[in-house]
Every structure is written in structure tokens, then in C-alpha cells.
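Novice: Take a look at the letters that make up each chain.
Number of protein chains: 2
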Amino acid sequence: MTRVAIVGVGHSKFGDRRDVSLPELGFEASKPALLDANITPEDVEFLSVGIAGTWYEDFLPAVVVSEYLGLAGKGLMRCEAACATGSAAVATAYNMVKTGQCDVTMALGIEKMMGVDGPTMTEVIGRAGYYLWEFHNFGMTFPGYYALHATQHMKKYGTTEEQLAKVAVKNHKYGAMNPTAHFQRPITVDDALSSRVVAWPLKLYDCCPVSDGAAAVILASEEKAKTLTDSPVWVESIGISSDTASVSRRSDFLGLRATVKAAEKAFKMANVKPDMFDVADVHDCFTIAEILAYEDLGFCEKGKGGQLVEDGQTEIGGKIPVNVDGGLKAKGHPLGATGTSMIVGLTHQLRKEAGKSQAPIKNGLALAHNVGGTGHYCYVTILRS
Amino acid sequence: MTRVAIVGVGHSKFGDRRDVSLPELGFEASKPALLDANITPEDVEFLSVGIAGTWYEDFLPAVVVSEYLGLAGKGLMRCEAACATGSAAVATAYNMVKTGQCDVTMALGIEKMMGVDGPTMTEVIGRAGYYLWEFHNFGMTFPGYYALHATQHMKKYGTTEEQLAKVAVKNHKYGAMNPTAHFQRPITVDDALSSRVVAWPLKLYDCCPVSDGAAAVILASEEKAKTLTDSPVWVESIGISSDTASVSRRSDFLGLRATVKAAEKAFKMANVKPDMFDVADVHDCFTIAEILAYEDLGFCEKGKGGQLVEDGQTEIGGKIPVNVDGGLKAKGHPLGATGTSMIVGLTHQLRKEAGKSQAPIKNGLALAHNVGGTGHYCYVTILRS
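In order, the protein sequences belong to chains A and B.
Mapping of the first sequence onto the working numbering: position 93 corresponds to residue 93, and the numbering continues sequentially without gaps.
Mapping of the second sequence onto the working numbering: position 243 corresponds to residue 243, and the numbering continues sequentially without gaps.
Derived by calculation from the structure, the hints in this document are not laboratory data.
Note that the coordinates shown come from a computational prediction; the quantities given were computed from them, not determined experimentally.
Please note: incorrect hints may appear among the correct ones.
Unchecked claim - Taking lysine to aspartate or glutamate pairs in the DMTMM-like style, the calculated list, with each CA pair at most 25 Å apart, reads:
#1 A:319 <-> A:236
#2 B:268 <-> A:252
#3 B:304 <-> B:161
#4 B:268 <-> A:43
#5 A:268 <-> B:45
#6 B:273 <-> A:103
#7 A:273 <-> A:315
#8 B:13 <-> B:353
#9 A:155 <-> A:191
#10 A:268 <-> B:43
#11 B:173 <-> B:191
#12 A:362 <-> A:252
#13 A:356 <-> A:275
#14 B:304 <-> B:222
#15 B:356 <-> B:278
#16 B:268 <-> A:57
#17 A:362 <-> A:278
#18 B:13 <-> B:28
#19 A:268 <-> B:222
#20 A:273 <-> B:103
#21 B:362 <-> B:222
#22 B:268 <-> A:191
#23 A:268 <-> B:103
#24 B:273 <-> A:45
#25 A:226 <-> A:103
#26 B:352 <-> B:315
#27 A:319 <-> A:230
#28 B:356 <-> B:301
#29 A:156 <-> A:252
#30 B:268 <-> A:190
#31 A:268 <-> B:223
#32 A:352 <-> A:223
#33 B:268 <-> A:42
#34 A:273 <-> B:190
#35 A:155 <-> A:190
#36 B:352 <-> B:278
#37 A:268 <-> B:42
#38 A:31 <-> A:45
#39 B:304 <-> B:223
Could you put together the complete structure from these sequences and hints?
Specialist: The structure is reproduced here in C-alpha cells:
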């Protein structure tokens, strides 16, 4: 079976993008990806579109986007896995090449979330659990879910609010170096600790923003990749898992089982271990989520995640640089685009073209960890240069 | 690369299913599929869920369904391709086996459309084009789109209202033999011709109904399939195509380019020709759509589709029996379930267990043709016994 290479990546500015339509936003990612791969839409045989939102006026947003990108007539599928939707699009485009059905495919993750009519995004995303029981009966919101994780982790392992704040400070620092990030300003631990409480212990700076954005990844077979690029980045494996809709059916809030399972699968298929990675993007929708990810992915022992960030081990120069593109926290979290954005950032890292936020590349291995909901989905993608 | 076999299928009753919740409806399809494959949820490694609707209270309906089916923890993705959503789910589950990532996967297509709050289904589905231009400015509805096809086909090729009616009569005849079909009554040509006009020349009996339903397909690698069944049905190929969102950018209304392209791809990969099929399910959301499909798939020459049905060539005993499970027209069209339902019906045909509506099986070849929107998506799946 062919290996599958990333041969082109593109990324729109993330943020409040009410200045463009959904198709225009997609074009901001697809066009640079095509240029990066030195191909035209004619060469793309299949497009997977990652859109998680249900709030678009168009009933078929993927079709409208596809036409605008010049890809009408190609194979087409919309993929959804909540906040891991972009990774689902990558997995689909990867499979279409891996099976030999296509030589060149594109995964486009895209979302517009700002200024949407109807229920607020907080309400919509609050439903990303078991709606009828948890949202409707108990009024659970998304920050509320992650606050459960944070309080239990603090109680059991002594994780502190300062450690949570340090995740935010780190990710804002790198976001400020990333011109496509939603937030471009460094913050301090005091800024984070003194921001208003959203769901204790999570404060405003512990939460990722609502953003608009798009990111595109072009994949090719090994044979085709050789003709397109001298610096292919290989998709080594994609581990996929899920968990119960009801968080009441989870054993505890100390981690995400879906992450553990997805990582196990991905590590096994790629024959790698957690200490081999040069750089990683993890799903930091809330600061506590990044700490859980450190532990669930094996970057440190269970319960030591707070210490890992406090010690600076997840910054550039540390044991495993994490979210050095700003993460969801500072780069933004346009649901469908987040997974593809991770792959774009890590491709730049493995190609050593990440500029000021370049991590040292030794083994040529990177990991993208993308969670949907509160561990309802997890996709772990392993890349190798 | 492994071949991929269908080793189990299951189908709920289609119709007004306000008696069950979405997960319960999914269970009605997944449980018999598991029993048919003689496996348990433990054996299923990945679930693709085909849900096209954006109207569910749950923001993550696939997760809620997955938990109820006992599949929490497995790989999970929701797939959408408008009315071809079920086929997209099959393609995804197929790819997960074909790539060797899984030995056993399930594709579940499911939709609940009856009694939904908010805009009517006619409005929602009317948006399955280029909303901003065609729906919003011109008030195009879905029957209106297909009426454009019908009037142009009648003008150019002399296709008649009686021929359209004969598609409905045929599909209601076979629907009456299918206990899972929404409609269980045969109708006459007069019934069809005298029914009220929806969008001329399409009358009530030219239109498929709004339905609830679910259908499940279990796929396995060749090695695994050998341990599970003596009557595997092989997925030979899946051709996927698309077209412009705006129908104003189509060259004519005499056929669907997406069908032609998807069929070309599927035929080439499976190394088959249109005259080799024993039986087919085609996307008869309107009677004219079935006639277009005959021609676009190569079952007859362009313009001869009306004559083909008039001559009885698409009934059992004819050249190519089409929609002998009742089709969308009589079996119903729960958007996400339609594509998986086609695969379920054709699997029964190739296993020669279709009872009164069994077509003669000579070459052991069947074709499923599933269109999303008005040719915005097309998936053509070829099966072999």
C-alpha cells in the first residue's frame, strides 16, 4: 500500500472573519495550499470538507465551498467529529489516497461561528454532550464540563490555578508569533488569574475563543509526492476513538479515555513511543484540557501535567514543545478547521519553516491530538518528515 | 490490499417513526445487522454514521447513537453528502477496512424527519442547492429543481407524464412487497396521473415521501469475512463525484453530470460495464430522477429512459430490474439512511434472499446509485456476490 504524503498546506487568518463568506474563507486556505503543492484544482481528485456547524443557511455548505474552490465534479464528502472535525476530514482524504482510489486529495477544515443568528455558540456547544439529560436537565455548558475535569484533577493531583494559567501564558506567547492566530498578544500569569471566572476554576483566559477560520491540507500518494515536492511530510498513522455521550457514564474526570485509546492505536500503527516526538499540537480548548492531554498521550506520568508546564517542559527548548502555533487557546478554535490547522502547523515544523516558533527537529516526528466534544471523539495523527 | 465484504445488514421499518428516538431507531438497524454477521458490538472497530439533518437537538447525534448501540470507545465519524449521506458512510467504513486500519466496521445511515420543529422539510430540503441565489431569490424548491429536469427531458426526448407515472407504479408495486417500506400499497397509472400537481409535471405520486428510518451495513476484511459468513457480498468499487452548487452553472437539465462521472469511476475500478448488472437501486427521489439515472448509468441510450420503463425493462424479468425494494419513491427517503438501505436491499438480492421481489442473479453484480441534492453529490457503489 502506498504511503501518504502531505504536499501542500494553507491557512487563513483565524479570528472574527465576518468580512468574508464561507466559500471565500475556504479559498484563503485552499489557494495557498495549492500554490504550496504547485498544483491546480484540476489535479485534486477528492475533497473532504470538515464543517461541524449546523447553523449555516446553506443546507449543503460543503458543495457551495467546493464550487467556489473550483472543485465541482470531484469526489466530495463532508465529515464531522465535533471539534475533531478537521481531523476527520484529514482521515477521509488520507484514506482515499491510501486505498489507491486517488493520487491527490484535499482536506479542508472550515468554520464560521461569529455573529451567527439563533442560539448563542455557548448554547450550541453546550449541547456537545448528552443534550437531553445533561444540558436540558442540568444546564451543563462546555466550560462547566471542563471545570469538572479541572476540579477533580486539582483535588487528586494538586494541580493549581497557576499551572492552568501557565498553559494560557505559553500558548498566548506563541500565538503572538503566529500571524494567522486570532489573539496576537502575550499575557501574564496575573492577567490569567485575575480574569473573570467562567466556570470555576476556569477563568476567561483558561478558555479558547469562538473563531472563524479555515485550513487546508493536500495529500498525495508516494509516487505522486515525489513529483511534487522535495520535502514531503508523511502521515504515519491516524488513531480514532470515541466515548459515551453521557459524561455520567465515564469512570472519572481525570483524563479522556478517548485520547488514551486513540493514541494507543496511532502509536501502534506508526510503531512509535510518546518520548519520540519533537513537537505536538494538543487540543487545548481549555487549559486543563492541555494538561490532561500531556498525561493521556504519555508526555508525562498521570498527575504530573501541571508540573510539566510549570517547569517549562512544553515550551521550545523543553522536553516536548506543545502548541507552539498558539493552540486553540490563542490561535483560535473554528471547530471544523482546528484539526486541519494542527496539521498545517506541524507540517511547517517538520519542514523547519516555522520561523520564530520553530521547535528543534531531531526524530522528525510530530503528533496532532484533536478532541471532539468532551472526549466524545478523539483523533491522533502522527506525522514524520 | 484486502477485498472488503459485506457480512451483515439490518434495516428498520421506514415511515413515520415518531414512536422511537433517534438512537432507538439506529438500534433497529444495527441489532439485526450484528445478528446477521453473528458478531457483537465488541467486534466492531469503527462506526461511520450517516446523518444529513441539521435539525437535531443534540449537537452530536452520532455520539448519542453510538453510545446507545454499545459502540462508545470505537472509532467514530459522522459523514454527510446530502441525500447520498448513507453512501458516504459506507465509503468511510469501507476505506477503514480497505486500508487495513480495521477488520470489522459498521456504516449506519439514519434520519428522523417527521414532526421536526422549525422550518418545514420542504424548506430545509429546498435549500439543498445554492441557497442564497436560487432558494432565497427565486424560491426554488426541491420538486421545482426536478421539474426543470422533467420539462426539458419531455421537450427534447418526448418523455411523457405516463412514463413518469409508470416509474411510480413500478416502485409502489415492489414497495408493497417490502415489509420495511414506508408505503405498502400498489397504485395505478391513473392514481399517479390524477394526483395533485406539486411542480408540473411532477405530481404527488412523482415525489418520494419524507420518512424516518435507519439501515446498517457491516463490512469486514477478506480474512475476517471468511470466518463470519459463507455468503459474502463484495464491495467492488465506489465512484464518487459532485457538481456545482448552482444549477445555473450546469450545461443542461437532461441528466446529472455527477452520476455520469461517479459511474465512470466505479465501472473502471470494478472493471465492469452497465449491461453486466443483475439488479440496481437508483436514486428515484422523483420519478424523473429514475429515468435520468437509467440513461446516465448506461442502462439505455440517452433519451430512451421513458421507453425503458414503459416497456417494463426495469421490472423483474426485464433487462435490468431497478428499485425492486420500492426505491425512495415507495420505501421512503430518510436522507442519511437511503444509501445504506440500498446496500442492504442489494445484499439481500445478491444472496438470493429477497423473496417475492428477488431478481434473477446471473453475473452476481449489483449497483447502488445515490444522489445528493440535485446531482450535487453522487456515489455509485458496485457489489459482487
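Novice: If a hint holds in the structure, say so; if it does not, say that too.
Specialist: Here's how the hints hold up against the structure:
no. : hint            : verdict
1   : A:319 <-> A:236 : holds, 22 Å
2   : B:268 <-> A:252 : violated, 51 Å
3   : B:304 <-> B:161 : holds, 14 Å
4   : B:268 <-> A:43  : holds, 19 Å
5   : A:268 <-> B:45  : holds, 15 Å
6   : B:273 <-> A:103 : holds, 24 Å
7   : A:273 <-> A:315 : holds, 20 Å
8   : B:13 <-> B:353  : holds, 18 Å
9   : A:155 <-> A:191 : holds, 24 Å
10  : A:268 <-> B:43  : holds, 19 Å
11  : B:173 <-> B:191 : holds, 13 Å
12  : A:362 <-> A:252 : violated, 36 Å
13  : A:356 <-> A:275 : holds, 24 Å
14  : B:304 <-> B:222 : violated, 40 Å
15  : B:356 <-> B:278 : holds, 16 Å
16  : B:268 <-> A:57  : violated, 37 Å
17  : A:362 <-> A:278 : holds, 6 Å
18  : B:13 <-> B:28   : holds, 8 Å
19  : A:268 <-> B:222 : holds, 22 Å
20  : A:273 <-> B:103 : holds, 24 Å
21  : B:362 <-> B:222 : holds, 23 Å
22  : B:268 <-> A:191 : violated, 61 Å
23  : A:268 <-> B:103 : holds, 16 Å
24  : B:273 <-> A:45  : holds, 22 Å
25  : A:226 <-> A:103 : holds, 12 Å
26  : B:352 <-> B:315 : holds, 16 Å
27  : A:319 <-> A:230 : violated, 29 Å
28  : B:356 <-> B:301 : violated, 30 Å
29  : A:156 <-> A:252 : holds, 11 Å
30  : B:268 <-> A:190 : violated, 64 Å
31  : A:268 <-> B:223 : holds, 21 Å
32  : A:352 <-> A:223 : holds, 23 Å
33  : B:268 <-> A:42  : holds, 20 Å
34  : A:273 <-> B:190 : violated, 70 Å
35  : A:155 <-> A:190 : holds, 22 Å
36  : B:352 <-> B:278 : holds, 11 Å
37  : A:268 <-> B:42  : holds, 20 Å
38  : A:31 <-> A:45   : holds, 16 Å
39  : B:304 <-> B:223 : violated, 44 Å
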